[in-house]
Amino acid sequence: MKETYNMIDLDCANCAQRMESNIAKLNGVRSVSINFLTQKMVIDIDEGFNKKDVLQLARKVVKIINSDCDIEL
Amino acid sequence: MSKTKRNTIRVIITAAGFLIMTLLNYLIEIPLIVNLFIYLGLYLYIGYDVLRKAARSLFYIRMLDENFLMAIATIGAFAISKFGEGVAVMLFYQAGELFQSIAVKKSRKSVAKLMDIRPDSANLVDGNKVIKIDPSMLKVGDIIEIHAGEKIATDAIITKGVSTINTSMLTGESMPVTVNVGDKIISGCINIDGVIRARVEKKYADSTVSKILDLVQSASDKKSKSENFITKFAKVYTPVVVILALVLAIIPPIFVGDWANWIYRALSFLVVSCPCALVISVPLGFFCGIGCASKYGILIKGSTYLEKMSHMDRLVLDKTGTITKGQLKVTNIIANNKNDVIKCARIAECKSQHPIALAIMEFNTKPIDNNYEYNNIIGEGVVARNKETEILCGNYKLMESNNIKCTEIDTFGSVVYVAKNGQYLGAIVVEDEIKEEAADTIAIIKQDGVKVFVLSGDNKTTAQIVSGKVGVNEFYSDLLPDQKILILEEIMKNSNGSTVFVGDGINDSPSLIRSDVGISMGKLGSDCAIEASDIVIMNDKLDNIITTKKIATKTMNIVYENIYFAIGVKVLILILSAIGLSNMWLAVFGDVGVSVLAILNSIRAFFIKK
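Chains as they are written, first to last, in the numbering used here: chain H, 1 to 73; chain Y, 1001 to 1610.
Since the hints were made in silico from the structure, they are not lab data. If you're wondering where the values come from, they're calculated on a predicted model, not measured in any experiment. Cβ coordinates follow ideal geometry from the N, Cα and C atoms, glycine included. Be a bit skeptical, because a hint or two may be false.
Computed Cβ-Cβ distance ranges for the label pairs, DEER-style [as the list claims (entries may be wrong)]:
hint, chain 1, residue 1, chain 2, residue 2, range
1, H, G48, Y, R1006, 42 to 52 Å
2, Y, D1258, H, D53, 23 to 33 Å
3, H, K63, Y, K1113, 27 to 37 Å
4, H, G48, Y, D1482, 34 to 44 Å
Work the whole structure out from these sequences, hints included.
Here's what the structure looks like:
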């Protein structure tokens, strides 16, 4: 199911794109779209995976790419 | 202090320091070592966060991010004793970033403001008390009280009171609407005066407001071709430029020497190697275009639909509710005794919810005998019986199958034949009004070389007359929903651009989904319309199709301007740098200056006039 999360302090468009392509590679992520302008992430997580774990990993990716940024969980 | 404020101060202080140093260097001889220290100080002050992020990206991601490239370019400048340039590049880079973040935040805010339709609370009537609760706590059937100035929390029906409501947040329509007991009110509208009470029709999660907010928030899901192009371009552009920079820094000096000069040129390359101008301005252009459309009550689900809308070359319109108002009215009674016809028809139709029946019932408000038994004959009409009378009310088929003598009437609209006790009484003509703006709208759309079609479930005569009056190219009549799809597909096959289908979303969802762009209109509050369509026109006005097209075309122009401008300038500067005709100053313009100009251009999309 698709869910929307707020992004905190996502202040560069390039990073958003990089986060998107790296989160998309995570196991259990069917699709993800990060919108720099609306500061939102729409993520579709496979039902077979633990949603919390996947989101934590996604968060790690976000932190590595831009340490100021976070996902509001 | 906010990040923006802090960064603004940093930029101003560094700029001042930089100017003073440039002036001093011009006036007096400053020892190299002093220059180095002061410039290095300024450099570290303005660039420490970039350097930190660059180091991070080096260790963690091993990827060419813009911080890393800026760091290399500026440190390189210091290494070849171009202190001023080193500081300047970093300063302009930061100023550009600052400007970007302010511009983006501003446009984000103005679009968010347009979409500020979320109700904060609802007043639940509980016995004699009124309690304030969160809209999500409301249940269907609850009674809510709406005071003047408050947003309507969820879709409801008025049970008490009269008021005017402002629907402009949803429809872009500035005229307030008067509402009375029994009227449906839509969440997100504002009650202007008077206290009203209303019965909750839908839970907050299913309300129009939630549906619209969902739509707007996931709008980015569907990215346009241009955006995908930019993503791909950005992935290739940076590595290519960086490799070229390396080649430029190493290969030529092996043969001709003069290392510092070639390294300087290579550093210029690095400065223009960030595709930021495109990465930000293209999505921003679409964002502002979509925001602009919402000002006029047009919701667009994603940039891809804006792009497709700009290539519209086939417009397919549903008839009822799209070209016509969808409100039937009795326009003619063909009979010797008109009163008798309408009286019998009203007796026969009083239990039916069919739009034609409703139109006949609305003809007058006289009381009706209700000692009848009803028999619905699907596809023909109604038979109403009591001990002494039998009333037949329906189409010509009904008359034929009951052996009633009458002539078929060929006219615009639907004809209802009425017979009593085997005797033909007369016929009632029920018509749908054509929207005032329909003909003008279609004429304007045709001027752009767009072919306009009408698909109708109605009979040929009606479809023909409506099509003639509004001036479409072709029409198809007597269609069932699944036949509409087949014809739509046929039209799409012959189209070189995109085929746009406009319907009211009631029984044409398949067509809305199948077409390149599905636009639903006029049915504010209809769930399936919002879900099935790509663009929702929230008021009833057909001319909003022109507005949508205009916004789409202008937004696409702006996006293309930015793409050509940014790539053009960057390539030009790369060439000039390679042959030594450029310098770092020009390169900084190629990076930051182009970004700023492209962003300013994108923001124009927010102010497109109707």
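Would you list, in rising numerical order, the hints stated earlier that this structure does not obey?
2
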